[in-house]
Amino acid sequence: MTHVVTCFLRHERDVLLGRRSDAVGTYVGRWAGVSGYVEGDPRDAERDARREVREETGRADATLVRAGDPVELRDGDRTWTVHPFLFEVDSREVTPNEEIATHEWVLPPAIRERETVPGLWAAYEAVAPTVETVATDTVHGSAWLSLRALDVLRDRAAVADEYGVVAAVARDLRTARPSMAAVANRVNRVMSAAERTPASIRAATERVADAARQADGEAATRAADLCGESVVTLSRSGTVRAALERAQPAVLIGESRPAREGADVAAELAHAGLDVTLTTDAALPSELATRDPDTVLVGADAVLADGSVVNKVGTRGLALAAAREGVPVYVVAAAAKVRPDETVHGETGDAADIYDGAAPVSVANPVFDRTPADLVTGVVTERGVLDGDAVRSVAAEHRANAAWDAE
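Each residue of the sequence shown is one higher than the last, beginning at 1 in UniProt numbering.
Take these hints with a grain of salt, some might be off.
[To be verified] Across the chosen pairs, the derived CB separations fall in these ranges:
id	residue 1	residue 2	range
1	399	290	37 to 45 Å
2	373	110	42 to 50 Å
3	60	2	20 to 28 Å
4	26	54	16 to 24 Å
5	290	403	49 to 57 Å
6	39	358	42 to 50 Å
7	328	273	23 to 31 Å
No lab work stands behind these hints: they were computed from the structure.
For each residue, glycine too, the CB sits at the ideal point set by N, CA and C.
My request is simple: use the sequences and hints to build the entire structure.
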């Protein structure tokens, strides 16, 4: 049995496919991911995967997202064990070697519409986003996760024969992250706009995803104009990061325990040329007081219908400190993050992150907190800075979209 790796490079929502050249020994002319033989212990196939990515695309900076379970397949008298991997890259720049005749970035369902190496779709499914990966991700923000949820819906629609199968996935997705309004709202928007067929749902996911990317980008552009020369933030928000990279202010950022995603953002911003200071979550309010920043800029997992904001725990304390020092607090978020109601869905972290001793200590480890509307200067969206009436109007839109399941 021959062991091989198949690697999918993902940029935004597309994956890289290459047409195999006559320099390879098998499946010449067929489309494939980045692939090659496992030269060592199959249990360490990731090493071979990284080597193949470097050799075939010239990318040494790809970030591993997921390693899937091996896929066994038979093609005539050949038997293959395929070790699938999914990597993320921050651009579409690749330098193919002689094994790739041509390459394209495509939406994953295109795999099913091309002449590919055997089992390519099965390999992709082994590393593709799922309801579970959306539900358990502790690193990414809600805008990013909402696009992954649309990927899950699109992929299921691409293979389903019945509307009910896809609708069941939509129901699971909209409850996968109850604290993140954009996930449910964008799924509901797809289902509300689509006809009751898998093909229509697949097409609707593309329209909604395109609109979502534009909305996130426009919100970031508007927020950049409000940053000033010095900004305080915390946690990971792709929209906040985009705004900061546009505005280029000095940045003070909290580390955001327990995953410390703030540390990752600090490194990314520093690599982008910004003057960045990383501090602990506990020190963030006092550091704000000593630095006299122009703005506090944070993301949101949800904006409630009353104008209050649900975001990574620590946001409320930061907003209180900002109010004490007279610093405006802007929340940047696409309008999709407005919740149709005022329900707060809390998520709780692992108690052992705080205390794992033997004493009978009760642990409160919330992941999110709620910042009252009177502490928020404005909610910056692709539609502009929303006031209370505008937030309620957007909430009504989302309630109407959610009615698809009541029909």
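Verification of the hints:
1. Between residue 399 and residue 290 the Cβ separation comes to about 44 Å, which falls inside the hinted range of 37 to 45 Å.
2. Distance hint for residue 373 and residue 110: a CB-CB separation of about 45 Å, consistent with the stated range 42 to 50 Å.
3. For the pair residue 60 and residue 2, the beta carbons lie near 26 Å from each other, so the given range of 20 to 28 Å is met.
4. At roughly 21 Å, the beta carbons of residue 26 and residue 54 sit within the given window of 16 to 24 Å.
5. As the Cβ distance of residue 290 to residue 403 is approximately 50 Å, the hint placing it in 49 to 57 Å holds.
6. The hinted window of 42 to 50 Å between residue 39 and residue 358 holds, with their beta carbons roughly 48 Å apart.
7. At roughly 25 Å, the beta carbons of residue 328 and residue 273 sit within the given window of 23 to 31 Å.
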